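**Q** The primary structure of each chain is shown beneath.
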Amino acid sequence: MHKEFLMGNEAIAMGAVAAGVNLVSGYPGTPSTEVLETIARLNDGSIYVEWSVNEKAGLEVAAGASYSGARTMVTMKQVGLNVASDPLMSLEYVGIKGGMVVMVADDPGPISSQTEQDTRTFASYSKLPCFDPSSAQEAYEMMIEAFEYSEKYGTPVLFRPTTRVCHAYASVSVREESEYYVNIPTGFFKDPSRWVIFPKLSNANHAKIELRNRELSSEFSSYARNSIIPSSSRLGIATHGISFANTMETLSSLSDRPSVLKIATPFPFPEKLALEFLSSVDEVLCIEELDPVIERALIAVCGKYGLSVKIRGKMTDDVKLSGENLRDDVTSYIYKFLGLEVPSVSVPDTPELPVRPPVLCAGCPHRASFYAVKHAMKGRETIFAGDIGCYTLGNAMPLDMVDTCLCMGAGVNIAQGVGRIKPDTKCFAFVGDSTFFASAITGAVNAVYNQADMTLIVLDNSTTAMTGHQPHPGTGKTMMGEITQAIDIEAVLRGVGVTVVERVNPLELEKAVETVKRVADLPGVKAILFESPCAMLFKPEKPLAVTDSCVDCRMCIKEIGCPGLIVSDNKVKIDPSLCNGCGLCSQVCPVGAISKEGSL
Amino acid sequence: MSTNIVLCGVGGQGTVLASKLVASAAMSKGFEVRSAETIGMAQKGGSVMSHLRVGDDAFSPMIGSGEADLIIGFEPSETVRMLPFLKKGGAVITSDRPIMPVTAALKGSSYCGSEMTEYLRSFSGIGKLVVVDTESAVREIGSSKAMNMVLLGAASRSGLLGDITHEDIIEAMKRKVKPQFVEMNIKALEFVNI
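Protein chains in written order, with the numbering used here: chain A, 1 to 600; chain D, 1 to 194.
Honestly, the hints are just simulated from the structure, not real lab data.
Predicted, not measured: the structure shown is a model, and the values here were computed from it.
Certain hints may be false.
Computed footprint of chain D on chain A; a stretch qualifies when at least three of its residues, placed anywhere within it, have a C-beta under 8 angstroms from a C-beta of chain D [stated by the list, open to error]:
hint: 1; segment: 81-94
hint: 2; segment: 178-190
Pairwise CB distance ranges, derived in the manner of DEER restraints [said to hold, decoys possible]:
hint: 3; chain 1: D; residue 1: Ser122; chain 2: A; residue 2: Phe538; range: 23 to 29 angstroms
hint: 4; chain 1: A; residue 1: Leu537; chain 2: D; residue 2: Phe181; range: 50 to 56 angstroms
hint: 5; chain 1: A; residue 1: Ser90; chain 2: D; residue 2: Glu183; range: 55 to 61 angstroms
hint: 6; chain 1: D; residue 1: Phe181; chain 2: A; residue 2: Ser253; range: 37 to 43 angstroms
hint: 7; chain 1: A; residue 1: Phe538; chain 2: D; residue 2: Lys176; range: 20 to 26 angstroms
hint: 8; chain 1: D; residue 1: Met1; chain 2: A; residue 2: Pro576; range: 29 to 35 angstroms
hint: 9; chain 1: A; residue 1: Ile483; chain 2: D; residue 2: Lys88; range: 29 to 35 angstroms
hint: 10; chain 1: A; residue 1: Pro576; chain 2: D; residue 2: Lys29; range: 35 to 41 angstroms
hint: 11; chain 1: A; residue 1: Asp548; chain 2: D; residue 2: Thr165; range: 49 to 55 angstroms
hint: 12; chain 1: A; residue 1: Gly524; chain 2: D; residue 2: Gly108; range: 25 to 31 angstroms
Backbone N, C-alpha and C define an ideal beta-carbon position, used for all residues, glycine too.
Construct the entire structure; sequences and hints are all you get.
**A** Structure (C-alpha cells):
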C-alpha cells in the first residue's frame, strides 16, 4: 500500500483497476466523467476502454463482455441511467458471469444536471444491490468489494457516489500493482436457457432475485461498511455518503453525541443491523440527500418488528427536501435535534455582489450560431428547442435562444411537437455533435418519416465540450487512442432522408445569416451544420481591440454578450486575457470600431 | 487541528491548480489532505471555489461557516462572497482586479472592485488582510496566467498555510508545472513582499 492524492473519481477508477476490470465503457456526464478517463490514462493496454455512443450502448457492450466472464464497469451520471435502464432492468433478470459494476454518479443540488433523481431508489426498483461510498478512500475499497459481491451473486451491482465524493480530493491508500486481482475471462459459452430472456425465465428468476436479496440483506448486516457508532445516548442519527462525513464533522465538536448508523448498502437494506441500532434508541434523525431511502427503510423495520421508535427526517421536515446537505445544513439539523442553539456567522452590510451565472466562453462558436439564427429570424414566429450541452447556455441574455431543454436528444422531437400544434411557427432544434450521435439521430428519422416541417441546427464543435473534450463518433478518435473513420453528420442526415443539408462556418456571420434565412423557408426537414471547433481546443488568435472610432452604442455587448467585452471607465473594452480573436463582435459593430489593428 | 483554506474566484482563473499545489506540499510533509472544488457547468464564467483541509482530524472535504483560517480570493467580489466561511480573526488574501460578469455589463452596473476591497478593509472579522495590486503584478511578471501564484506566494510568505512553508510551495510548484514555466512562477510566488 502507498498513498496518493486522488480525486474521488480517480480512486473509483483505481479501485476498478485493482479489482482486475477487463472492460470499461460509458458516456461522459458530470460528475462521473473522470472515472473512465482515469482508467484510459492508467491503462497499460490490458483493459478495453471505450466512450460508447450513449449509456445504453455502453451497458450492452459491458453485458456482453460480462457474459463472457470479463469483469466490467460502465460509467455514467444519474440521467444516463435513464438511457441505460432498458437493458439494465432486463439484465437483472438474466444475470451476468464476470463481475459487473454500473457506476452511476448522483448529483444532489443539482450542480450540473437536469434532475435530482436518486439511484438508491432505482436500486430498489430494479432490485440491484447498491453501494454508496462516503469518501474517496471508502470508494476505492468498496469498488473492489462491489466486484466480489457482483460475481458471487451473479448480478450487476450499482455503485453510486455523489458529486462531493466524486469531485473531492483526499490522500488515499492504494494497493501496489502486485496486489491487484487478475481476472482471465473464460469466453462466451452458448446456453440459451441462461442468456435468452423469455417470460418463463423471468418468472423463475424473479423469485430467485427476491430470495437472493433477502440473503444479501442479511449478509450486508455484517458488511463492515454498514456500521453502528454507539454511544450512551438514546438519540440516534442514520446517514450515508457525504452526509455521513459531514455528520461526523459536526459531532466531533460535541461532547454528548448520539449514536450513528451508517448505511453503505441502501439496497438490499441491512435489516438486522438496523434492528440492532433501533433497539438502542428512542428517536432517530435520518440525514439523507435526495430521497428518504433510509428513513422509509427504518420506518418499515419499526412497523415489521413493532418498535416504538420515532423516525425523523425529510418526511417530518427536519431535513430539507431537495438539494445538498452542506456542512452548515447538517450542523443545523443535528443542533436542532439535540435541542441546542444553532451557531450562526454574520457578515453584515456587504456591498451588492455581482451575480455570475455560467455563460458561453469568450470566442465560443455557439454564440455566433445562435446569433445568426436570431438575426435571420427577427420578426418571425419561432420556437428554438435546445438540448443538453454547453449550448444550453444559449438561454442566457442577451442571446435568449433556448426556449426548451428537456433531456439528451429531446429538442429535435419537441420542435416537431410544437409545429404540429402551430404549423405557422418556424421550428428549430439545436443539437451538439456528441448529443446528435448519442440520441438525436432517431429524432431526425422521426421527423423525416412523419414529414415534419423543421430546421435542425447541428452545432458541430468537433468535441464533447461540456464534460471536458471527450472524443465521439464524429471525431475519428477512440478512447483506446486509435484513429478511426469519423462518422460524417451530413452523410448520416442524408442517409435518413434529409435532402437539404448545408454546412457553414458560424463565424462568417453574413453567410451564416443568409443560409438560415434561405433554408428555414424551404419545406420539410432541413439541416444546417454550423462547423467551428470549440474555442478551448486551439491556441487563441490575436485578441481584438476597440478603436477610437467607437461611438459607445454598446451594440456589441447588447447583441452578443461575450464575456470578453467589458465596460471599464465607462467605455467598452476588450479583455485581451479572455478574447480569442473569433471576430464576431467586429462583424456586429455598426461603425467598424473593433479590429485586430488596435490591440497589443 | 486542521488548517482550513478557501480558494475562490471566477472559472478559468487557476484556483484548482493553486489548491493542488498546497495539497501536494502538504502531502509531501506527511499531512492528510482533503479538498473539494467546483467542476462542470458552473465553471464557465461562474463563481468557483476550492475547499482545502490539511490535518488528520478532518472527516469532510468541505468547510463549514466560520471555520476557514484563510481565504485566498482571485477576484474581490468573490472574496467578499466567501467571508461567511472565515473564522473570526482569520486571514484574507485577495486580488484587487474585478471581473465584470456579462449580466453586469448588460445592465450597465457600476461594479468596479474597489467597493469590495474597501469593505474588506473595514470588516472587523478579518485578522490579517493582504490586497494584491494585480495590475502591477501582471505587468512585472508579464503574464496574467500567474496570478494564482502571486496570491499563493503571498499566503506562504506570510506563514498563513499552517505547517507548510514558502519553500514547500516552491518545491510543489516545480513538481507540478512544466519546466519552461518554473522561472515565471517563482517570480510570481516572490512578487508580494511581506
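**Q** Now, for every hint given, state plainly whether the structure supports it.
**A** These are the hints, each one checked on the structure:
no.	hint	result
1	81-94	violated (count 0)
2	178-190	violated (count 0)
3	D:Ser122 to A:Phe538: 23 to 29 angstroms	violated, 45 angstroms
4	A:Leu537 to D:Phe181: 50 to 56 angstroms	violated, 21 angstroms
5	A:Ser90 to D:Glu183: 55 to 61 angstroms	holds, 60 angstroms
6	D:Phe181 to A:Ser253: 37 to 43 angstroms	holds, 42 angstroms
7	A:Phe538 to D:Lys176: 20 to 26 angstroms	holds, 24 angstroms
8	D:Met1 to A:Pro576: 29 to 35 angstroms	violated, 44 angstroms
9	A:Ile483 to D:Lys88: 29 to 35 angstroms	violated, 59 angstroms
10	A:Pro576 to D:Lys29: 35 to 41 angstroms	holds, 39 angstroms
11	A:Asp548 to D:Thr165: 49 to 55 angstroms	holds, 50 angstroms
12	A:Gly524 to D:Gly108: 25 to 31 angstroms	violated, 45 angstroms
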